[in-house]
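Chemist: The lines below spell out each chain.
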Amino acid sequence: MLNQLIGIIFSETFVFSIFRITTPILFAALAAVIAERAGVTNIGLEGIMMISALTGVIFSAKLQSAWLGLLFAILLGVLTALMIGFFALKLKTDIILAGIAVNMLGNGGTIFVMFLVSGDRGYSANLASKVMPAINIPILQNIPILGKILSGHNILTYFAFICVLLVWILLYKTPMGLQIRAVGESPNAADSVGVSVNRIKYIALGLSGALAGMGGAFMSMGYMSSFNTNMTAGRGFIALAAEAMGRAEPVGTMLTSLLFGFADALANNMQSLGLPQELVAMTPYVFTVVGLAIYAASTLKKNRKKLE
Amino acid sequence: MADTNIAVLMKGITKVYPNGIAANQSVDFSVNRGEIHALMGENGAGKSTLMKMLFGLEQPTEGEIIINGEPVSLTSPTVAISKGIGMVHQHFMLVPSLTVAENIVLGMEPTKGAFIDYAEAVRITKEFSEKYNLHVEPDAKVMDIPVGMKQKVEILKALVRGAKILILDEPTAVLTSQETAELFKELIHFKEQGHTIIFISHKLKEIKQITDRMTIMRGGKSMGVFNTADVSEQDISRLMVGRDVVLKVEKEKAEPTDTVLKVEDVHYENEYGKKMLNGVSFTVRKGEILGIAGVEGNGQRELVSMLFDMVPPDSGTITVEGQTVTGKGQSFIRELGVSHIPEDRMTYGAAGTASIEENLISDRFEKPAFNKGLLFDMDAIHKTSDQLIQDYLILCRSGKQQVKMLSGGNIQKVVVAREFSCDPKLIIADQPTRGIDVGATEFIRKKLVELSRNGAAVLLVSADLNEVMELSDSLMVFCGGEIVAYFEDTSTLSDEEMGEYMLGLKRQSPEEIRRVFHA
Amino acid sequence: MRKNLKFEIIRGAASILLALAVAMIFIFIISDVPFEALYNLIIGPFTKLRYLWLILERMIPIVFTGLGVCVMFQANQFNLAGEGTLFFGGLVAAAVAIYLPMPPVLHIIVCIVIASVVAAAAMLIPALLKTKLGASEMVSSLMLNYILLQLGVYILNWHMADRTQGATMSHLFQDTARIPTLVPRTNLSWGIIIALAMTALVALFMYRTKWGYAIRMVGQNQSFAKYSGIKVAGTIVLCQVIGGLLSGMGGAVEVLGYYDRFKWRQLPGYGWDGVTIAILAKNNPVFIPFAAFFMSYLKQGCNLMQTYTDVPAEMLSIIQAVIFLFFAAEQFLSKYRQKLVVKGAKEELAEKKAEGGQKGAEA
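Chains as they are written, first to last, in the working numbering: chain A, 1 to 308; chain B, 1001 to 1519; chain C, 2001 to 2363.
It should be emphasised that the hints constitute simulated quantities derived from the structure, not laboratory data.
Glycine included, every Cβ here is placed at the ideal spot set by N, Cα and C.
Keep in mind that the hints are not guaranteed to be accurate.
To be verified - The calculated label-pair distances, taken between Cβ atoms and stated as ranges, are: (1) Ala125/A with Met2024/C: 27 to 33 Å; (2) Asp1344/B with Thr2047/C: 54 to 60 Å; (3) Leu166/A with Arg1397/B: 56 to 62 Å; (4) Thr1317/B with Lys2132/C: 25 to 31 Å; (5) Lys173/A with Arg1123/B: 16 to 22 Å; (6) Leu75/A with Arg1123/B: 37 to 43 Å; (7) Ser1076/B with Ile2193/C: 53 to 59 Å; (8) Lys62/A with Met2102/C: 55 to 61 Å; (9) Ile169/A with Arg1123/B: 35 to 41 Å; (10) Ser298/A with Pro1312/B: 16 to 22 Å.
Unchecked claim - Dumping the calculated SDA-like pairs for lysine to any residue here, alpha-carbon to alpha-carbon at most 25 Å: (11) Lys1328/B with Gly1316/B; (12) Lys2231/C with Gly1322/B; (13) Lys1191/B with Asp1028/B; (14) Lys2006/C with Ala1022/B; (15) Lys1506/B with Ala1463/B; (16) Lys2231/C with Glu1366/B; (17) Lys1367/B with Gln2220/C; (18) Lys1262/B with Met1469/B; (19) Lys90/A with Ser1076/B; (20) Lys2132/C with Val286/A; (21) Lys2231/C with Thr1384/B; (22) Lys2282/C with Ser1398/B; (23) Lys1400/B with Val2286/C; (24) Lys1141/B with Arg1123/B; (25) Lys1506/B with Tyr1486/B; (26) Lys1275/B with Asp1258/B; (27) Lys2210/C with Met1378/B.
Please construct the entire structure, taking both the sequences and the accompanying hints into account.
Modeler: So, in structure tokens, the structure goes:
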């Protein structure tokens, strides 16, 4: 069985699937990075992904364009994140609770809307929704092994990895990034020079919503080709763990997201080895808890020095 | 008719905070262009609130603000900055992980295309640094630079934004006397260049030295405007506190007996690798008050945290009555009879949202006296709490009131009532009277002396030189994480001498210092 | 103090009205029979006695999870594994109910106790990860939900399934383990009594014992608690274990009182309802049954609306989210509060002045 497993891990399709599976987690984890850097914990990512996943399906079906579907998915993602902002920043709802409320909406609210649109509670089979295109990269696709691993992915998968670079540039090379970091680390300092803390937090949340929205859109218009209830299955939460382990750095977070992608891909393949499906489905979550624990243990020593 | 010579005019300012505290009541405040104007008052007199309104951090409930003859509505710091107002806060408003240059241009970043032009940020920093003779290192991270430079960064931040009116909130609180002298030179330099400076302080000598006029506040009201030259220090102090400050605390001579606290060769490096304690050894004995004087940030805070096991030392031992405390936890230490008045009462001393009663029993709620079987003995709890409220003169409606609704002095009395009533053998009093009114201060100081004369060992840490010199029987001075002087008798000490030790200009011989360790 | 309470009540009512207003807007947009839908939503649950029993039935599990959330949130522990532990507690109770024959009453008690203990033990995972390693209890508890679900479904499918049934479900519980019904010809079991008794116990625990006190102090100011000598780590573990105990108990009581076999293959959602009602109850156990009743009433209204009109019952999650958001919003109506406070302060100042004047006159 071990030989079989090693065979799987080193196969091209397996490595290919890691990137595919990482994509939604990476989008959501980058969303978590931007929000966290501005000092807002966005635990509504799960709900935002659900809402955007459904939005993408509905609008791509109604407008018969995957791109317009994506656009609306992003838009709804941004609006939902801004709603979290409105309650947390304006009305002083605890941001964790505001996030929980959005997750409730993502759970039940999507069923509500889907039922109204398609008449179905479970999944959106009735909607002729579109899927984002996969892209074959010229030259690269012809290289043996690498071509099969790196070419032919969904366009959103490529964009997710491009976003790592974009988020890095945003945070470290632009005025907005400087202000986001300042607001997250020391809001009083930002405020004292006239940087509006709430404005920056709104912007960070909006960007966070856009990224999570893309993650959601990928779920229903790339990873799968329809919407079904509870389809994100905790990826928004796993993304929070990936962000924490990546120390809220874009590149670190990409690496941890890939690690989760690897665990998930491995789990999918273990099923073919005859292990019970339920136990296999459990692995990414167990992996997240273990990963979180190891990460926490590694930072423990450092924190002990800090005077409270 | 608007007087064009008036830079700042605040008329009839009233501010009521959401918790119902009226911090300012019909305050009038005016500052002439090009003067250094002191805003004086005790902690809680409403100075900070008034200045926060001038800088747009708070909005007045009633009243009018006129800058250079123009009525303004200062809804945010941005608006205030655009009117040429800059503020240097008491607690620095800097982002530690960013560089000096990044902090200075934050919010007005120079750009090249869509990106930050960091070289330009450094250039701006250098330009202003030279123009105003404020030396800073543009590329250093703020967390790595000394306090004095941080303050210069703060001032530069305001100047770069075109501030003509500078508010300095207790700028000397964290500075050594040389740094203070340097700051005063800079301030006079600004004045000569036509800047207006509002200087918040409650240090009489400084005020006399540097300001032209002053406004004195008390209890949220203005007590009037005076020419600095026309009023004596005694006058000012009377106006500030309404009577002559009674600084003398009557106390009998100490007769120390057995050693209670023994600290031996303690070393500690902080999270940034800075050596905060370097071979500190001393003892505190029954019946004496041992004071620690020193500029803040010279290892006092780290030491106190260690005594209460909030952080472990890198090496060295700390024992109370022969028992090691490191790693034993706070309840063990309290069982040994140690009590602690923490520096920051709202973080450690009290739970603001809990009731007075709940705050009063936090160290003893597990004791049999307060429990009947599995349940609390509510009668016993009420009784104890009511008694403490009465004994310690805590002004409140009832023990059920939330602690955060009380005034600073009364909150501190809640802390003190708890810490003094547990029959302590050792009291660690860290800034016991910081930021509270005179009445509460006197009360707490008297209690402290009383407890020590009844046999408690007291370690007193205070940034207030008067307090530490008046209350202590013997005194050590901390500088750079070391004990640099020990005085067995504080009564003959002069401020000047203390200053020299505190600033590291002088230190005693190792033999003299070793006297504080009574093995 | 009294003013505060009055304000809280006004604010709560405003939140609920706002949520209903949002619901109304939705209903008018989507429904062909909006007035009928509204009638069913709001008045419907009061039209038949049977509906009252249904409301009380649906209250049972969420009272338990709500109490659990209260205890954990009061210590500022955002543990959200009520969902998973309730599910798993139900499964464990079912297993004991099927495979461990015992005399009546005792069987029920043993089922509930074992389920509670197992669920409490599961909560040790996020709790210990938090206290020993400093890992966020929120993320690990969310993961725990999925782990417990998958583990539970695995056990159900591979070890407990009754193959004679069309759908996946367990064997029948032994009669000795089933919690008897309280009201004949309804599904309302004695579970409601257990739920109310637990409410009283938890309230007593939180406000009248040293452990409850420690939990509350840790939640209100952890640094203060540590400094006072309260064992913070132990308290953090304790509150989460109790949270797990309560939701596990809820799972057991729900499964044994409402079903004759274990049938859950999804998380039933009671954990999240528990969070909502804990927010409505301001984390005070005493208010939990009222909040649970209200939630249950809304659920019943939504079900009736779905049965008799064209509006789907999932409308509930929208109403729930809106109420939740506004209830937790500290600044909601804060201007009104500010006015109350300023008025109060002015009155007090005036009083003081009057007193001062009198004293002056006397002198």
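Chemist: Hints first: check each against the structure and report whether it holds.
Modeler: Consistency of the hints with the structure:
no.: 1; hint: Ala125/A with Met2024/C: 27 to 33 Å; in the structure: 31 Å, holds
no.: 2; hint: Asp1344/B with Thr2047/C: 54 to 60 Å; in the structure: 59 Å, holds
no.: 3; hint: Leu166/A with Arg1397/B: 56 to 62 Å; in the structure: 57 Å, holds
no.: 4; hint: Thr1317/B with Lys2132/C: 25 to 31 Å; in the structure: 27 Å, holds
no.: 5; hint: Lys173/A with Arg1123/B: 16 to 22 Å; in the structure: 18 Å, holds
no.: 6; hint: Leu75/A with Arg1123/B: 37 to 43 Å; in the structure: 41 Å, holds
no.: 7; hint: Ser1076/B with Ile2193/C: 53 to 59 Å; in the structure: 57 Å, holds
no.: 8; hint: Lys62/A with Met2102/C: 55 to 61 Å; in the structure: 59 Å, holds
no.: 9; hint: Ile169/A with Arg1123/B: 35 to 41 Å; in the structure: 23 Å, violated
no.: 10; hint: Ser298/A with Pro1312/B: 16 to 22 Å; in the structure: 20 Å, holds
no.: 11; hint: Lys1328/B with Gly1316/B; in the structure: 15 Å, holds
no.: 12; hint: Lys2231/C with Gly1322/B; in the structure: 24 Å, holds
no.: 13; hint: Lys1191/B with Asp1028/B; in the structure: 23 Å, holds
no.: 14; hint: Lys2006/C with Ala1022/B; in the structure: 23 Å, holds
no.: 15; hint: Lys1506/B with Ala1463/B; in the structure: 19 Å, holds
no.: 16; hint: Lys2231/C with Glu1366/B; in the structure: 11 Å, holds
no.: 17; hint: Lys1367/B with Gln2220/C; in the structure: 21 Å, holds
no.: 18; hint: Lys1262/B with Met1469/B; in the structure: 22 Å, holds
no.: 19; hint: Lys90/A with Ser1076/B; in the structure: 16 Å, holds
no.: 20; hint: Lys2132/C with Val286/A; in the structure: 18 Å, holds
no.: 21; hint: Lys2231/C with Thr1384/B; in the structure: 23 Å, holds
no.: 22; hint: Lys2282/C with Ser1398/B; in the structure: 23 Å, holds
no.: 23; hint: Lys1400/B with Val2286/C; in the structure: 19 Å, holds
no.: 24; hint: Lys1141/B with Arg1123/B; in the structure: 16 Å, holds
no.: 25; hint: Lys1506/B with Tyr1486/B; in the structure: 12 Å, holds
no.: 26; hint: Lys1275/B with Asp1258/B; in the structure: 31 Å, violated
no.: 27; hint: Lys2210/C with Met1378/B; in the structure: 11 Å, holds
Of the numbered hints stated above, those contradicted by the structure are hints 9 and 26, listed in ascending order.
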